[in-house]
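Those sequence lines, one after another, are chains A and B. The numbering of the first sequence is my numbering, which starts it at 336 and goes up by one. The numbering of the second sequence is my numbering, which starts it at 336 and goes up by one.
Hints in this document: simulated from the structure, not taken from any laboratory. Some clues are possibly wrong.
The list treats identical chains as interchangeable, and a pair is accepted whether it falls inside one copy or across any two copies.
[To be verified] Below, a list of computed lysine to any residue pairs in the SDA-like style, where the Cα atoms sit at most 20 Å apart:
1) 402 / 943
2) 402 / 340
3) 455 / 896
4) 906 / 606
5) 519 / 968
6) 402 / 434
7) 959 / 948
8) 402 / 644
9) 959 / 339
10) 959 / 947
11) 455 / 806
12) 906 / 864
13) 959 / 982
14) 519 / 339
The primary structure of each chain is shown beneath.
Protein chains: 2
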Amino acid sequence: APVADSARTWLVIVLTGLGIGVAGAWLDVLVRWLGDLREGRCTYGFFYNQVACCSGLDPGEVCTEWKTWSEYLRVSSILGQSLLQAWIYIALAIMFAGSAAVLVVTYAPYAFHTGIPEIKAILRGYVFDAFLSPWTLLIKALGLALAVASGLSLGKEGPLVHVSCCLAFLLSRIFRLQHNESQKRKLLAAAAAAGVSVAFGSPLGGVLFGLEELDTFAFSNESDVLWRGFVTSVIAAVSLQYIDPFGTSKLVLFEVSGAVGDTWRAFELIPWMLLAIVGGVVGTLLIRLNAAAAVYRRNSAIHDWPVLEVVSFAALTGAVCYLVVFLRVQTSELVANLFQECDATKGDYHGLCNPTALWHNVFLLILTAAVKVLLTAWTFGMMVPAGIFLPTIAIGACFGRAVGLLTQGLQRAYPDAPIFSSCPPDASIRCISPGFYAVVGAAAMLGGVTRMTVSLVVIMFELTGALSHVLPIMISVVVSKWVADALGRDGIYTVWIAMRRYPWLPPGEHRDSGQTAAQIMTPAPDLVVLRDGAPRSVAELLAFARAHRFHGLPVVAGEDDMLVGFVVREKLRAYLERLTTEEPDGALNADRGWTFVRGAAAAGGGERVDLAPLLDPATLQLRKDVPLQLVVNMFQKMNLRHVLFSQEGRLTGLVTKTDIVWLLNAHSPHAGQLAGEKVH
Amino acid sequence: APVADSARTWLVIVLTGLGIGVAGAWLDVLVRWLGDLREGRCTYGFFYNQVACCSGLDPGEVCTEWKTWSEYLRVSSILGQSLLQAWIYIALAIMFAGSAAVLVVTYAPYAFHTGIPEIKAILRGYVFDAFLSPWTLLIKALGLALAVASGLSLGKEGPLVHVSCCLAFLLSRIFRLQHNESQKRKLLAAAAAAGVSVAFGSPLGGVLFGLEELDTFAFSNESDVLWRGFVTSVIAAVSLQYIDPFGTSKLVLFEVSGAVGDTWRAFELIPWMLLAIVGGVVGTLLIRLNAAAAVYRRNSAIHDWPVLEVVSFAALTGAVCYLVVFLRVQTSELVANLFQECDATKGDYHGLCNPTALWHNVFLLILTAAVKVLLTAWTFGMMVPAGIFLPTIAIGACFGRAVGLLTQGLQRAYPDAPIFSSCPPDASIRCISPGFYAVVGAAAMLGGVTRMTVSLVVIMFELTGALSHVLPIMISVVVSKWVADALGRDGIYTVWIAMRRYPWLPPGEHRDSGQTAAQIMTPAPDLVVLRDGAPRSVAELLAFARAHRFHGLPVVAGEDDMLVGFVVREKLRAYLERLTTEEPDGALNADRGWTFVRGAAAAGGGERVDLAPLLDPATLQLRKDVPLQLVVNMFQKMNLRHVLFSQEGRLTGLVTKTDIVWLLNAHSPHAGQLAGEKVH
């Protein structure tokens, strides 16, 4: 049986990898088609996107099969054309976003937002299976495609992690894996890695994301967590590459071909430092704006009209983006163009390579970044699936490209300045690569928003292929995190966890001034305790178990109230219900007595029901004068839900995970302000 | 003070990064010079290596300044030339290796071997400061250069990690960091990452090595461990790149320029699978041979003649390597050539690119690999600093190149076979890149020997720059680890830890058949316990503390022998010695009574010495019927040294880390067979 179990576990892992690879690829295809539909259609087949429609042409041949809506509908006046295009563009945005919101609100409210805060909490022990239901899987995937295609300022990365976890959970149900919570978490960790792997085409980045952001190591020191994540990631990436949704047969999404192989020069560290500081400051600003927007939404009338909110904001986004030329295309296309070096053979993206339009371009880039910050701060939290990675990358890339253009302009204006002496004397050779500055800017901005380090660097260079430039990327991430940490200590996911008050313990050593557990524990007199034999009959005990909402109850016995153990309420209730209804002499059972004391039932001739097997056998008992730091440390490291305190065998108190979460989140300004919403 | 402390910590971190970067660069320079010295010398300056000696020439110009020894000494007969060259080659090998061994044996016995098993143990709580002494630092660095230059089959990677840790430890002493064991470990973790970063020019790989192999996450869930490792790694890599010992201004050591950018074809997975299996099998074989050699050395007369052993083996290695042409150069040069694609402009390395010499080359490569396996199995464990990474890479690269050549030969012989249909029809375009096969082979072999996964992949592509081929590397590492794990569960470092019986707990969930702690604990009657007031005077207590060798003792008091706490013996001894000698009324103190019971000293009017502050405040007390799995889990996760068991306030038993180490190492065939050597 263990071999069969292990084989089934591996089957689920492999299928999850395959499934999320295929799902990710088809999502890309769907998004591309829906996105292109906002501009026009293919004359010979409605379901072709622009690239597929125009494929098979010789170089230089003009694509006549793809028509914009005004061409297709034969509108000839220029005013009519632009009005029609803008109208269809915005109308479809509203339609897509509205459908996504309706789907989410109606069928799967848990499918909104990114999902990463919840996955983090689940991986650290929060039991929240509704979050991983098949409905959520379906709605999140479908809604994600609609939301991305609608042009709202959001990405698909976080939601893909959620989709991947839902898929793994569904598969583990289908193959009837008999697993406990800990095994379930390990499976989800591997699935999460695969999700990132597919989202960025970054198999290593996926594993590291699991390690760093999801703390998959913290809940288990087993190397097989890392190992499974690695395997799932690889399988997902292979199946994505096999399907090859972009037709490039490459995993690298935004290749910075121009910059790779070039060396960089020491003076460039100055603009890169600047970008790192901008990343830290703007990243923190984005987190604050987003938290403020979420709290405002929660406490205002908007909260009752989620679909209307999404529809109006999609209209606003569509209108604004149609005006700002860089925002009109999909965010991924914008990022790809910003990362691309200027190259005469590849065409110029909206005049970005025109050296005479330097100030115009810089202004436009900073405007784009500013608009994107505002749009993203509001969007991330609406009732649609939404990831924050891609918008953040776009914001950072805009700043980066702007700084790169300025530096390049400076160097072209003063080629003989001493600081530029390391540039090649031949002015026709490029010295500064603004495309790579965009990469640095994106990395710094991601560092400021997510506070990740290692996984970020890996994702960035798996995204761009800029391996030779790993040091500048690392330095900018380091500085950006330093700056951001000085301005506010939590990353965006941690802020959301604190706002929703999920039972998630932030890592990091807890320091206090020598408190003991006694100062935080609920003392025994204030606890609801089960006294052995106190409600006399099983029926009364069942009523008691139904009446309370606690996770579990300490059980005491005897005249001295000696601590016997801890019983999980749900387990007790289920057992007693089975005992009183399903068994043949259920009604009789309901009247019997009961005991938790081991051996007492047998000693009493079986008159009383023996509940001793229900007791939690691993119950830790500590003395109440144990240092609080040690208790916090135990909760952090060992994934406990509660610790009992006893003195000479008598219960003195109880500390639950919730107590520790409150303790560790006390510093967070918005702590708990979104708690108790639908997503509980 | 906390700010100043933090600033000093960061200063130490930055200086460690800088220092190890500089040290690594100079080691490279030294090794290169010593290595070249075995073949000849520079006419205009003794201290120039061959590349430096011949620099500044125009392309095509012949370097006349560098002379082989026979040229320099004007030996004209061909027989005389080859005898002289061989003689000097072997004599210098003996001299270098002998000096390294003498240095190690005389001044710093802890400087032998790789150091990684010890660092692993230290990072998991083993206190072993002698291993990090300044002498060890000096001797290990110097001895490493000599050992590598001597041509012994060893690499510099593991020892550099050790050197880096020694450096961090020294700096923390110089800057008087007031730190406890846990902070020391965090610092060492960062230093270890920097060591790998410099050894491979792989800043990310360093961080991941720390994570995966050294379990830096397991002992602390603090993200600042990752973060500090990241910063140190970057600084080390930057300073290495700044000094630029190879004059390439690149971090990438073995660039596989030919393969990058090429796509790979699905049929290539077959030879790669084969390589992965070879890697797993040969890797495990190498581990077994190495363990057997170490045990044999320990139990034979060789053990008493370490320098003689090194000298003889260096002579043997020199003689064998002089005969096998691929082994005559330094291992790093061999690897660089094996990773290199054939390119008409770059010259042919010993006829490796000659298609007519296919079978000759394959035979030579497999012979090289086999010789290298035998040499490495014996070398890794002699009394010289020695890393196993580079030899393993070389072995794997030989196999890989051989398989690559065979595949290429097959494709050239049958270009029209259906399996090769994905190759370009034009035969002049390369379809199969044997250089990249060597990379795959090296990755697979490393996987088999070290059982690392993620960090290995990162190191491999930071080493080679083959980012576009990350998937094949990942797949081969996955398969190789699968195969190797099926043949034997521990990697080379874990085997050495078990052989030396370091107090290191293997990660991984411990499963048993429902045992409780009672079955492993030493019961109270068998324990040496300190009874409050039992040796009457402080002097007697001091004698007691000096007489025992335990780490610490449980303290009980009162008629009921109630458990009061746990006292660390060394702390008690130091305190009592200070009390009886340094204080003015020391002699009087020696006669006073003492108590560990809190408040008892004050209650007694200060007549007795109050030892309560010495008690370990964080002492965990568990009940003896707690499941053994939970206890093992607590030891693994919380870095405990001992757990006390009590029942109703009375001591029932004690479990120490050593007990758990014995329990978890029971399966290892060579467990403890090297324990109790000089390195204890």
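Hint-by-hint comparison with the structure:
1. 402 / 943: For residue 402 and residue 943, the Cα distance exceeds 20 Å both inside one copy (81 Å) and across copies (97 Å).
2. 402 / 340: neither (55 Å within a copy, 67 Å between copies)
3. 455 / 896: neither (39 Å within a copy, 46 Å between copies)
4. 906 / 606: Neither way: residue 906 and residue 606 sit 60 Å apart in one copy and 53 Å across, limit 20 Å.
5. 519 / 968: between (23 Å within a copy, 18 Å between copies)
6. 402 / 434: Cα proximity of residue 402 and residue 434: none, with 25 Å in one copy and 79 Å across.
7. 959 / 948: between (27 Å within a copy, 18 Å between copies)
8. 402 / 644: neither (32 Å within a copy, 81 Å between copies)
9. 959 / 339: neither (45 Å within a copy, 34 Å between copies)
10. 959 / 947: between (26 Å within a copy, 18 Å between copies)
11. 455 / 806: Answer is neither; intra-copy 29 Å and inter-copy 27 Å both fail.
12. 906 / 864: Within one copy, since 16 Å is at most 20 Å while 42 Å is not.
13. 959 / 982: Both: 8 Å inside a copy, 15 Å across copies.
14. 519 / 339: within (17 Å within a copy, 45 Å between copies)
Of the hints listed earlier, those the structure fails to meet are numbers 1, 2, 3, 4, 6, 8, 9, 11, in rising order.
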